[in-house]
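Generate the whole structure from the sequences, applying the supplied hints.
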Amino acid sequence: MIVLLILLGLLVVIVGWFVGVYNSLVGLRNQVKEAWAQVDVQLKRRFDLIPNLMETVKGYMHHERETLEAVTQARAAISGAGSIPDRIKAESGLSAALGRLFAVSEAYPDLKASQNFLSLQEELTSTENKISFARQFYNQTVMNMNNKVQMFPGNIIAGMFNFQPETYFEVTEEAEREAPKVKFD
Amino acid sequence: MWEQIAANRRKSFMLVVATALLLMVLGYAFGEYFGGRGSGPYGVAVAVVVWLVMTLVSWFQGDQVMLAVSGAHKVKKEDLPVLFNVVEEMTLAAGLPKMPDVYVIDDPAPNAFATGRRPETAAVAVTSGLLRRLNRDELQGVIGHELGHIRNRDIQLMLFAGVLAGAIVILAEVGLRGMWFGGGRSRSRRSGGGDSAGIIAVIAIVLAILAPLLARLIYLAISRKREYLADASAAVFTRYPEGLASALEKIAASPQKLAHATRATAPMYIVNPLAEAGKMMARATATHPPIAERVKVLRGMGGADFRSYQESFHQATGKKGVIPASALKDDGGAGLRPGSAGAGAAGSAAAAGPRASQRTLARQVDDFFYRKGGYKQIPCSCGTVLKIPPDFKSHQAVCPRCGKVHDVA
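These protein sequence lines map, in sequence, to chains P and R.
Mapping of the first sequence onto this note's numbering: position 140 corresponds to residue 140, and the numbering continues sequentially without gaps.
Mapping of the second sequence onto this note's numbering: position 43 corresponds to residue 43, and the numbering continues sequentially without gaps.
It is worth saying that the hints were derived from the structure and are not from the lab.
There's no promise every hint is true.
Computed footprint of chain R on chain P; a stretch qualifies when at least three of its residues, placed anywhere within it, have a C-beta under 8 angstroms from a C-beta of chain R [to be verified]: (1) 14-21; (2) 134-141.
Beta-carbon label-pair distances, calculated as ranges [claimed, not checked]: (3) R:G321 to P:L10: 36 to 42 angstroms; (4) P:A76 to R:D366: 39 to 45 angstroms; (5) R:V17 to P:G20: 31 to 37 angstroms; (6) P:T167 to R:G318: 41 to 47 angstroms; (7) P:E69 to R:G321: 52 to 58 angstroms; (8) R:R299 to P:I6: 56 to 62 angstroms; (9) P:A76 to R:D367: 35 to 41 angstroms; (10) P:D86 to R:F369: 47 to 53 angstroms; (11) R:R299 to P:D110: 37 to 43 angstroms.
From the derived model, a few chain R residues whose C-beta atoms are all more than 12 angstroms from chain P [what the hints assert, rightly or not]: (12) N8; (13) K11; (14) V82; (15) S254.
Here a beta-carbon is modelled for each residue, glycine too, at the ideal position from N, C-alpha and C.
Encoded structure:
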């Protein structure tokens, strides 16, 4: 009888632990989704701001066709990107193209005096910041998730219910290095 | 961060209980003193009612009380776009469920605080003096610090402490004044009280004097550790500790005193608004750690994670760590990022360098308060914006820069 009770108690403890780990895994996965949603909102916002920016800038920057085209192309590349790694690459390409655009805009005093441009510039740089802060939080959440999924004993339950480690959102080195190219002459 | 959050909950509870006891003792002493012998229990009853009301008010309305007391105006995105953007950026970095409401206080002294019961209903308030002095990176640091308080659930505890300690201070003051003016007379009418009335009178006076001190001690329970932790959080969110460090220096260097700060609201601010330099006692009982030390710790950080803050803190002060173990465990190991001094680069905090962002911030806050004050704004073709006061009599105004005449409708 006592042995039976002990066994029963043990079973309850094991099942309880099982449920606990499973639930925390589900919780973490939802957190990752939520964190990605935040990144996505900001990426979409930037995407939507760009036509507006192009419209404003066009009238001033007559000698920067290449820079402007690079931004338009980088934006178009995002719509074409299917998988998440592709998307991430396209987004960092757009960041770099925008960085160049703002760098050359320094050479156009009329543009810099335009209220419309200034508020768009603030909006876009802030969105750029928001993307990187949301990304920072997303990566942190992904790390928490991946630790749980890959470390013992969480990995047992993760394996049973097919919890996969999530992908980090890392800016490609290339795009970051490319960004500041300001010429003063 | 869960231990920090749990500790804050526990302390909030203890604070509420401690205030209840203190109020009851005060109530008993005042009851005996004013009502004559045997009316102590009535005083206790009154104290319990006062306590109940205070606790309920601080639970449901505390943040609103704090904001009202400090004279804060709520702002919308159109009012102060840069400030609003910075708060939104830090909300994302902190992973808060909802962006806090943003308030501005019209006061030349640079300072800021966060309040609210839960992260979902939190608010941050900054003074116009802060916005006039800081650039975008520095503002980010300050907002990061405040959002750190929100995420670590410090705000609930500070709210209780603020409202309840404020109540004690007020009650004690009312009691003391009552004694000087009304109390003496009522006692001479009931001269039968004799010795025990005298003893109780002494106790009441002692209590009335001690209560504010006790309230101050309660404040110390809200340890300075919280400030360090919020600093560390700001460094982790922004990945740029220099921003907060130089903001703290600018705030410390400002000679102005915050007009609306009281002893009850002081601990909520990023920098103690009532600090008096060079006093030994002030240092020993300060609600905030010395700014020089906070700056030193921030500047000594080798990375942008809690572990680097911990190491730098240990080096700067020789003391052991201030960061709870759970925060260290979940650390991201993130690196620092350059500030906007190297402007133009994609992803740097400000579009147009620190100087320009400071001007923009200052202009936006000035415009906001001009609009609030009923000033009319007329843009002139030369780039100047004329600000017409609401009591302006004439129908025309001359631009001070180019001399063009504008109609004031």
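Among the hints numbered above, which are violated by the structure, and what are their numbers in rising order? The structure conflicts with hints 1 and 14, although it agrees with all the remaining ones.
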